[in-house]
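A.B. asks: One letter stands for each residue in the lines below.
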Amino acid sequence: MSVTRLLYIDDNRIDSQIENLRKKLKRSGFDLDETFLNLNDENFKKRNENQKVILDLKKIKEYIIENYSQENFDIVASDYDYSDENVDGYQLLSWIKNQSKSQKYRLRFAQFCLYSAEQDKIVEKLNSPDQIKKLVKLKIDDFIDRNNLAEDLFSLFIKPKEKYSYSKHLIDYLEKYPDLTFNSVYPKFKGKSLSEIAHEIDKDLPNGIDFQKNLVELTIAHLVDLNKFEY
Amino acid sequence: MGDIQKLHFKTNVQLKSIIGKDLINDDNIAILELVKNSFDADAKNVTVTYLNLKDNDDKINKTFSDKTSRLIIQDNGLGMDLDGIQDRWLNIAYSEKKANKTQHKRRMAGAKGVGRFSCDRLGEYLNLYAKTKKDSEYVKLKIDWKLFEIEDEKKEIQSIPLQSQSLTKTELAKCGIEPFEQGVLLEVIKLRSSWAYPIKDKNGIITKWDTEKFVDLKKYLEKLINPNQAFESDDFGIFIDAPEFTNENNNREAHEKFIGKVQNRIFDKLDFKSTSIETKTIENGEVIYTELKDKGETVFWIKEKNPYYPFVKNVKTSLYYLNPYAKAFFTKQTGIQSVNYGSVFLFINGFRISPYGEVGNDWLGLDQRKAQGTRRYLGLRDIIGQIEILDEQNDFQIVSSREGIVRNDNFKNLTNSERNDSYFYKSLRRLERYVVEGLNWDSSIYDSQDKEDAKILKEIESKIVSGDIFEDDLEFREDYKTKQRRIYSAIHSIISAKTNDVIELYINEKLITQKIEEEKEKSEREFQQLIEDFDNKKIDSETLSRILQRKAEQNADLEKQINEFEKYNTNDVTSKAILELQNYKKTVEEQTVLILQLQFQLDNLKGEKAKAEKTANTYKEKAEKAETNFNIEKEKNLYLLATRRTLSPDADGLIHTIKINNIEVRDGLDNIIDDLTEDDFEVEDLIKKLGFLKLNAERSLKMAEFATRADLKEDIEKKNVDIVAYIKEYISLYGETFSDKISFKFQTNNSYLNKKISVLNLSIILDNLISNAVKWNAKNILMDFENINEKQLALVISDDGNGLTNKFLDDPNRIFELSVREVPPSGMSGSGIGLFYTKILLNDMNCNISFLGNNLKLKGASFKIIFNTI
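Chains as they are written, first to last, in full-length UniProt numbering: chain Y, 1 to 231; chain F, 1 to 870.
Some hints could be false.
Keeping only pairs whose Cα atoms sit at most 25 Å apart, straight-line, the calculated SDA-like set for lysine to any residue is [claimed, not checked]: (1) Lys45/Y to Glu790/F; (2) Lys745/F to Gln597/F; (3) Lys45/Y to Tyr752/F; (4) Lys97/Y to Gln529/F; (5) Lys97/Y to Ile531/F; (6) Lys168/Y to Asp84/Y; (7) Lys139/Y to Lys551/F; (8) Lys791/F to Asp84/Y.
Examples of chain Y residues lying across from chain F (beta carbon under 8 Å, computed) [what the hints assert, rightly or not]: (9) Ile14; (10) Gln17; (11) Glu42.
Reference excerpt, derived from the structure (chain F facing chain Y, CB under 7 Å, subset only) [said to hold, decoys possible]: (12) Glu590; (13) Leu594; (14) Asn662; (15) Glu664; (16) Asp670; (17) Lys718.
These aren't lab readings, by the way, just hints derived from the structure by calculation. Computed from a predicted model, the values in this text were never measured in an experiment. Just so you know, even glycine gets a beta-carbon here, dropped at the ideal spot from N, CA and C.
All chains, please: the whole structure from these sequences, using the hints.
C.D. replies: If you want it as structure tokens, here you go:
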């Protein structure tokens, strides 16, 4: 069974819905490996100047960078309403997405989606051209009604990926055997471990990019040769 | 001047023939008249039975015997006694219907009081048997119609003696009649018409019997039964029987079988295959309700003032348009082509009025009208349907089966074709506009002047009739979506209602939303592309102008659509769809502003700043104005929007929590059902899941309790509270609900802890601990608070109940495990969520619970909860 990985961010437990998702995926041949970032945890809170307990965005961000930035999640889903006056899911998710992209975190390959029990309330907030523009640019993969959370996350998981990432595929493969040593074909990498090479590719370093190009050229050359034999 | 002489009419004996066999010139009508009499006598059933048709002594016997041909019409109505027969049945032209329009809760069908002379038309002799429920004996009346057929100007009809006698049950049986509880039995003897003909070969041997006349009778009666309204409340059934012809009957096609119950099923399935319009009067006739359906789906309905009131006030018309396919389905179902069935029938009080609607009868002037404009109008062949009138005040008087009803003002208001100004034509025009005027979407792809196509169409039709083709296989000239779009663009001209007359209008919301969705999708794609292009500097001012131009056109078009709709009061669903339109219009306007800003940026670079700024401002103003208008519009339609808007902020907060809570419950139940269905579960796991569901149920109940007391504007899941104050307050409000014998004591020691906490869960925890104590016979509970430090609070809850049983004292923390349970002495059990879940809830809040021991502060158990905060 292939494993699908979900990171979900919420201030409530939604065990039943996750369980429901797990069952759906299992029937389609996937195992769900989920990670719950529970914002109800007091570690993510602080007191404001009026001694009221509120979410501490800084702590949350630090925690995410430390724990999740280099993880291969398929989907990052977040609730919209954290019952907090300062932070909401849209804000946090935008940050994660933009940060992952600019810092080239592994997390950037995930699909991002928001969910909410009251979508129409949010729509009201997105009521200016400026907001819409931001939303369009952010390109979130889905905006889900909490009522159908399991169903819709499931569809998102199993729908054919619109974007194929050659780099990601390569990295995933290399990381399956992180400790093996690279030998031939690309002299600059000779003697490096596969995980080191994966890192170069992941960070879009010059050698990483060059290596990928070489690999494509080699493969095609190889294919053409093979075809020659048949004639 | 002489003395005044008194003269009077005489009724000559020949009157019998005039109102009998000469007036009723058709066997089927004769039978119908008798059936109507049964209906008016409140019968539930009437049976028409033919006997001795194959083998009889009609030709050799001068009078009659047991072997003479017979027709028996028997009903289970009220029946008659001797007085009834004398005063009513024998009283020519007397009809109760003239006095009472309804009796026995029925609207009466006959009206002239001569129907009983139909018996004369049918046979030479009549034996009438009748019995009422209260009489024990039967009355028999014998009539030999020949006795009236003498030419003697002196002989009056009443001078012919008729024999009647009273019979006991046994005597009745001797006459060959089965005893019956109540009703009338007409035994018509020596039939005047041959109902079945023998067909002989050249040797004179009978090979088979021609039974067409029975089929005719059945079909005739079928048409007379109103398929919609007649008898629906009282279930009146007509049965035909001819025991000699069972084989002939069985060999016939289903729709030609003549033995059995007469039923009109003509419109049964037509709904789904054709376009139909139904128009009926509602609200005492002052309002007309019209609904147009296409293949079973409502396209629109409209309630409007009835301009024909009070002339037309209790009428319903149902019209079905038959395209070639529908005609073929009709044939398959009924065995006759629709042209040979008739067109629009008229029913008054449940019975059909001849000759309206019969083949070739153009009482509504349909064909006459069609002759003037072939393409624009529907003719007799294109529609079938009916007009039903419930006539309580005799507004529509029947003349005769040849003449129909009196052409008075009521009739005119119902049927006048001039300027289409009548109840019927108002309805028909909408159907016509829908199917005829340029909108030929419902035509088959082969429906054209082309000869080859016509041939193919014929083939398809015959396949439908033979049952080789089903509805889903049919091809139409336009696909569903195209058709929907066209309907949408023409809908207002189809409805064509006077704005002031419209009370409420519904237009299939799919028509509206489908169009918006398509456009929306396109426009969003376009817009995203635009922004991308702009970011990549791949766009010039000209392109932007072109897009702006298109947006402006789009906007104008939307404006027009909205204005069209705003003329009427629309139904809620339709209004919501219209709101979508307005919403979309707003999006278009916002996009326009954005594009203008982009253009402005571009133009700025080209030094055309001033000009563009000016335009941008005008548009912006326009957009702002539109925004204001939109908001006003939104206000106006508030009641249509989500009900949320009418809720108080309190209820809003509550609903948020209920929603989240109940989604968990639903999904949890789904999971359990799956587990059980797939037989993939462990009991412990199942108990755990059910426990969580119970917890959620408790939470819902708690919320309901809170609804009246708590401040729900803020989330009740996450609230900043002083734990000590909250618990005190909670118990003082709810403490008594656990038991009236329990009392609480607090020692607060000036402690205080502010924490953001789910007060819902905290309350459930308290409930649980308290109800546990009560179960174990506690009368007093002591709550002892103490700050451990400024971020920690300890609460010790002690009671004077039985305390923890010995078997747990060694390892008291086991009581927080899932499957551990003790039966309390008071016999109560099963409520609360259990200590397992209490602990889980507390841990979730970053708090802890432990068992301290028995007999510490009070003689029962003591629990300690530690609350932590930041």
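A.B. asks: Each hint should be assessed against the structure and marked as holding or not.
C.D. replies: Hints versus structure:
1. Straight-line distance between C-alpha atoms of Lys45/Y and Glu790/F comes to about 17 Å, which keeps the hinted pair within the 25 Å bound.
2. A hinted pair counts as satisfied when its Cα atoms are at most 25 Å apart, and Lys745/F with Gln597/F does not qualify at roughly 69 Å.
3. The straight-line distance between the Cα atoms of Lys45/Y and Tyr752/F is roughly 20 Å, inside the 25 Å bound, and the hint therefore holds.
4. Only pairs whose Cα atoms come within 25 Å are accepted, and Lys97/Y paired with Gln529/F is accepted, the gap being roughly 21 Å.
5. Between Lys97/Y and Ile531/F the alpha-carbon distance is near 20 Å, which keeps this suggested pair within the 25 Å criterion.
6. Distance check on the hinted pair: Lys168/Y and Asp84/Y sit about 36 Å apart at the alpha-carbon level, beyond 25 Å; violated.
7. Under the criterion of a C-alpha separation no larger than 25 Å, the hint pairing Lys139/Y with Lys551/F is consistent with the structure, at around 24 Å.
8. Pair hint Lys791/F plus Asp84/Y holds up; C-alpha atoms about 21 Å apart against a cutoff of 25 Å.
9. About 6 Å separates the beta-carbon of Ile14/Y from the nearest beta-carbon of chain F, less than 8 Å, and the hint is met.
10. At its closest, the beta carbon of Gln17/Y sits 5 Å from a beta carbon of chain F; the interface hint therefore holds under the 8 Å criterion.
11. Taking 8 Å as the C-beta contact cut-off toward chain F, the hint placing Glu42/Y at the interface holds, the least distance being around 5 Å.
12. With a least beta-carbon distance of about 5 Å to chain Y, the hint placing Glu590/F at the interface is held under the 7 Å criterion.
13. Hint status for Leu594/F relative to chain Y: holds, with the closest Cβ pair at about 5 Å, below 7 Å.
14. Interface hint at Asn662/F: violated, since its Cβ lies 9 Å from the closest Cβ of chain Y, which is beyond the 7 Å cut-off.
15. For Glu664/F, the suggested interface contact is upheld, since its CB lies about 5 Å from the closest CB of chain Y, less than 7 Å.
16. The interface hint given for Asp670/F holds, since its Cβ lies 6 Å from the closest Cβ of chain Y, which is under the 7 Å cut-off.
17. Annotation: Lys718/F was flagged as interfacial toward chain Y, and the flag holds, the nearest CB pair being 4 Å apart, inside 7 Å.
The structure shown violates the earlier hints numbered 2, 6 and 14.
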